[in-house]
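Participant: Residue numbers (the numbering used here), protein chains in the order written: chain C, 1 to 113; chain W, 1 to 115.
Calculated from the structure, these hints are not laboratory results. The model shown is predicted, which means the values in this text are computed figures rather than measured ones. Careful, some of the hints might be misleading.
Incomplete in silico selection of chain C near chain W, CB under 10 Å [claimed, not checked]:
#1 Q2
#2 Q37
#3 G40
#4 V47
#5 G96
#6 Y99
#7 F103
Quick reminder that beta carbons are idealized off the backbone N, C-alpha and C, glycines included.
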Amino acid sequence: TQLLEQSPQFLSIQEGENLTVYCNSSSVFSSLQWYRQEPGEGPVLLVTVVTGGEVKKLKRLTFQFGDARKDSSLHITAAQPGDTGLYLCAGPVMRGSNYKLTFGKGTLLTVNP
Amino acid sequence: DAGVIQSPRHEVTEMGQEVTLRCKPISGHDYLFWYRQTMMRGLELLIYFNNNVPIDDSGMPEDRFSAKMPNASFSTLKIQPSEPRDSAVYFCASSFHKGTRGGYTFGSGTRLTVV
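Starting from the given sequences, assemble the full structure and let the hints guide the process.
Facilitator: Here you go:
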């Protein structure tokens with residue numbers, strides 16, 4: 001069972017289009033992170049959201065944390081080929097006194113020129 | 001800083017052979033994580049260390065897998081004997097803390113193919 005469900009799994013769009021991808025859970029998270037992973041590389045942190053309802057902007061990328069802190073969305077305006085990659089959300093999960101950062105399976109975005 | 005450095009980038013080995021993956025974390029980071037990524041299961045945490053001490057190895061699939069961190073600048077993940085189902089991309093990551101706010105810095109990964 002995947003703790004963080006991401007949708008859609010695959011998304012192929014044309015340059016200039018807008019898009020939104022989602023990260024959902026039935027659990028409450030103290031924070032959520034978004035990473036982007038390019039082919040042949042490791043994930044790179046884009047943003048961390050920590051407050052319910054929080055909105056953060058990173059150039060053409062807008063991240064929102066749900067009011068109940070169970071979900072998050074990433075909106076990209078006027079997508080460019082350089083936005084192509086695997087977008088992963090991640091959240092901290094406590095196991096006893098230990099902690100682990102758990103990832104969703106990601107949304108694979110392809111932006112065609 | 002050169003970031004998290006992993007070696008080798010690619011490894012092809014025969015079933016039953018021993019495989020050792022290597023990682024050099026970012027200097028000053030006191031947490032080190034080993035993840036495995038496959039299409040079916042995504043990114044899975046295998047084990048993590050804090051100040052060179054293994055804290056949680058509950059993600060290690062079975063006894064064929066072992067990890068060590070002999071000092072703050074080096075860690076290894078060993079598979080012995082390797083099996084075809086171990087084929088995946090293995091990532092090492094490091095951070096200043098558990099990663100709640102600042103996130104992890106990942107290496108470029110080792111793509112392992114066991115034939």
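Participant: Are the hints correct? Go through all of them and say.
Facilitator: Going through the hints against the structure:
The criterion of a C-beta within 10 Å of any C-beta in chain W is met by C/Q2, whose closest approach is roughly 8 Å, and the hint holds. With its C-beta approaching chain W no nearer than about 8 Å, C/Q37 sits inside the 10 Å limit, and its interface hint holds. Taking 10 Å as the C-beta contact cut-off toward chain W, the hint placing C/G40 at the interface holds, the least distance being around 7 Å. For C/V47, the interface hint holds, the least distance from its beta-carbon to any beta-carbon of chain W being 9 Å, beneath 10 Å.
The interface hint given for C/G96 holds, since its Cβ lies 9 Å from the closest Cβ of chain W, which is under the 10 Å cut-off. This hint holds: C/Y99 has a C-beta 5 Å from the nearest C-beta of chain W, less than the 10 Å allowed. Taking 10 Å as the C-beta contact cut-off toward chain W, the hint placing C/F103 at the interface holds, the least distance being around 4 Å.
In this structure, none of the earlier numbered hints is contradicted; all agree with it.
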